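There are 2 protein chains.
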Amino acid sequence: MASTFSERLFSMDYPDLVAFVSKTTHQFIKGYLQLLEEDFTPDLREATDAYLLRGGKCLRPMLLLLSALAAGERSPQHLASAMLAVECYHTATLVHDDIIDHDELRRGKPTVHTLVARRIASRYPRLDASKAADYGMATAIVAGDILFGYSAQLFGLLSAHYPLGVVNSILLEQSCELHPGLLLGEQLDMELEMMDLQDVTPKMVEKMMRLKTGLLLGFAARVGAALGSRKPIDKCPLAETLENAAEDAGVAFQIQDDILGLFGDEAQLGKPIGSDLREGKPTLLMVKAWAKATPAERRTLKKVLGNPKLTESDVAAVRAIVERTGALASCRRRANTLVKQAEKACQTVSDVTARKLLLCWLDTLVKRSH
Amino acid sequence: MASTFSERLFSMDYPDLVAFVSKTTHQFIKGYLQLLEEDFTPDLREATDAYLLRGGKCLRPMLLLLSALAAGERSPQHLASAMLAVECYHTATLVHDDIIDHDELRRGKPTVHTLVARRIASRYPRLDASKAADYGMATAIVAGDILFGYSAQLFGLLSAHYPLGVVNSILLEQSCELHPGLLLGEQLDMELEMMDLQDVTPKMVEKMMRLKTGLLLGFAARVGAALGSRKPIDKCPLAETLENAAEDAGVAFQIQDDILGLFGDEAQLGKPIGSDLREGKPTLLMVKAWAKATPAERRTLKKVLGNPKLTESDVAAVRAIVERTGALASCRRRANTLVKQAEKACQTVSDVTARKLLLCWLDTLVKRSH
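Top line first, the protein sequences correspond to chains L and H.
FYI, the numbering for the first sequence is 1 to 370, going by the working numbering.
FYI, the numbering for the second sequence is 1001 to 1370, going by the working numbering.
None of these hints come from the bench; they were simulated from the model.
Certain hints may be false.
Subject to a maximum C-alpha distance of 20 Å in a straight line, what follows is the list of computed SDA-like cross-link-like pairs (lysine to any residue) [what the hints assert, rightly or not]:
1. K30/L to K57/L
2. K302/L to S313/L
3. K1131/H to T353/L
4. K1235/H to S159/L
5. K281/L to A1133/H
6. K1281/H to R126/L
7. K1030/H to C176/L
8. K356/L to G72/L
Footprint (simulated), chain L over chain H, 3 or more residues, beta carbon under 8 Å [stated by the list, open to error]:
9. 1041 to 1052
10. 1145 to 1154
11. 1157 to 1166
Some chain L residues flagged as far from chain H (calculated, every beta-carbon gap over 12 Å) [stated by the list, open to error]:
12. K235
13. P237
14. V315
15. T364
No experiment lies behind these values; they were computed from the predicted model shown.
Glycine residues also receive a C-beta, built at the ideal position from the N, C-alpha and C atoms.
Construct the complete structure from the given sequences, taking the supplied hints into account.
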């Protein structure tokens, strides 16, 4: 029976598979949250559920599933709680990241702290705006903390179907490697933003991206490979191969995202062009441009970076510098190299179906435009 | 050898035992953090380490140790990572709680977010004060997240000395029961503060205190009992008895803390008398006073609660109402009942030494004046 389901699942076209996985993950999430949050207040429930119920592309659950397939998983239905665990973990980081970045929108809708601030303001119309914002932020801190916990819960549930040693190796990997690493990436992101552009090196920016974006993708791949092979996460050679591929893909994605943030299309991007500039983020583009810029160009870059009142002509000026210095071409080359590396790693997967689907996943990640 | 150490440890007087445990826990923490945070930036390291290195009474590690003794533990040295795990978990909640409450002091020194804000301000003297505060808050969010993860790591390490089934039951208990429960308590605390005093009931306040303060004490006791008996946490009858005692003790402690906050001594308390009033916290005292207050007294309570510019005579007026309505006496009675219940539960422990030490622990908790 299980093998029939597995065969059916993995004979789908990639877009059909994504649609199926998104739908079932979404259904599972809904049921799980209902069961778990009976006791929660409406504000807290809204805060913990908002992003999870907005759907999304399920990039991390998909990667976990495909990595398990590559490692020989025959009962993909048992992976459900692990797939949900990585999604909850990712969501927890988004909720806290949105507070840290003061972002108001996520996937075109209000961020958690914004949402809760509005709820309380409409409940107590005489409430101070700053008190409402505080309450929104505090609730979002609590909600993020809770979502981190869901991930540990959900991994724990795997012990119904997988050896305890494998499950334990995943929990240890999460708490010893992923968690402190990803959060260090978050911290580095903030610290780079405080620094002067001339003090930031491409190496520092890449390290930050690898930790903040790459690590969780690598972890999803490792968990999938460990579960699929029923081996502890540190004893599974495929886990390491796929982890490297996923990390490289994550960094490539992030570089492309930064390029799009400056050269992309506002409607597609879902946020104004030049947001990174306004916030003063030293992206790889900016750091590489600085290194090759003339003194006059450097004055422009300094003037524009972190200026909240940026004009369209400022953005155009930065674009020109980024192109003139070769920073744009250099970033594109770097992203390309990383994608090629990731592809090469995926090519070593022996199962034909798994290999094909992993390459589709990679393609979706690095070709997506927002 | 192990039994000799155990005998030596448990033949100490209670104050000597506390001193020994605080010292060794502190040493272990220091070594662990050094090992773990090699890669961290100085700001992040400061943020994660600050509270842990300030020492403290180790109430939760002590309770875990004594509960394990009560359950027959003969190798207390193996408990070290569990004791540190509950301390890290507690510290994580403090770091986030201090952001939420905008507190500037913790154990007489700056809170994490305040500390980091000052560090960045002194590094970049031209930085906006609000940007420095933001950076302090963001770093404290990240540091709290990391500390939650340390706790899972440290529990994971127990598998070197305890059966995997026991360790797994602890991790599941933490992520399924403790974590969402304690954070719901944090949320309820915020939500009660937003409500009008007349809408808050004693039951709501007690539920909040049980979740926010009682649950973690109960968890420390359960973990100790489970480890000491080498039984999964849900299969250990002593775990339940000690959990109830610890939860009751936690609520009693919180009630007394609220009483001290209004009637105590400012120097002993470490914060100004009437802080709860200023912040608008509907404590059990206030809720009970409201229920029995005259219309004129209610007007006074309403005027004073949440008024940041509270005078000494306002505080005196509230004290008089709290006494006149019998709220003070009623809260003292309630705390007393809870302590008696906890004592009764501890009396059922068969090991004489463990029983005696648990009663000392209880005494320290409910008699401490700040």
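Hints, verified against the model:
1. A threshold of 20 Å between alpha carbons decides the hint, and for K30/L with K57/L the separation of about 16 Å falls inside it, so the pair holds.
2. Taken as a hint, the K302/L and S313/L pair is honoured in the structure, with Cα atoms around 15 Å apart against an allowance of 20 Å.
3. For the given pair, K1131/H sits about 51 Å from T353/L by alpha-carbon distance, which is inconsistent with the 20 Å threshold.
4. A hinted pair counts as satisfied when its Cα atoms are at most 20 Å apart, and K1235/H with S159/L qualifies at roughly 18 Å.
5. Only pairs whose Cα atoms come within 20 Å are accepted, and K281/L paired with A1133/H is accepted, the gap being roughly 18 Å.
6. For the hint pairing K1281/H with R126/L, the CA-to-CA distance comes to about 18 Å; that is within 20 Å, so the pair holds.
7. Of the pairs offered as hints, the one joining K1030/H and C176/L holds, with about 17 Å between alpha carbons and a cut-off of 20 Å not exceeded.
8. Taking the CA atoms of K356/L and G72/L, the gap is about 15 Å. The hint holds against a cut of 20 Å.
9. With 3 residues bearing a CB less than 8 Å from a CB of chain L, the region 1041 to 1052 of chain H meets the requirement of three and the coverage assertion stands.
10. For the region 1145 to 1154 of chain H, the assignment as covered by chain L holds, since 7 residues bring a beta-carbon within under 8 Å of that chain's beta-carbons and 3 suffice.
11. Here the region 1157 to 1166 of chain H counts 3 residues with a CB under 8 Å from a CB of chain L, which clears the bar of 3, and the coverage holds.
12. With a cut of 12 Å on Cβ distances, K235/L stays outside the contact zone with chain H, its closest approach being about 16 Å.
13. Taking the minimum C-beta to C-beta distance to chain H, about 23 Å, the non-interface status of P237/L holds against the 12 Å cut.
14. With a least CB separation of 23 Å from chain H, V315/L remains clear of the 12 Å interface cut-off, as annotated.
15. With a least beta-carbon separation of about 29 Å from chain H, T364/L lies farther than 12 Å from that chain, consistent with its non-interface assignment.
Violated hint: 3 only; the structure is consistent with all others.
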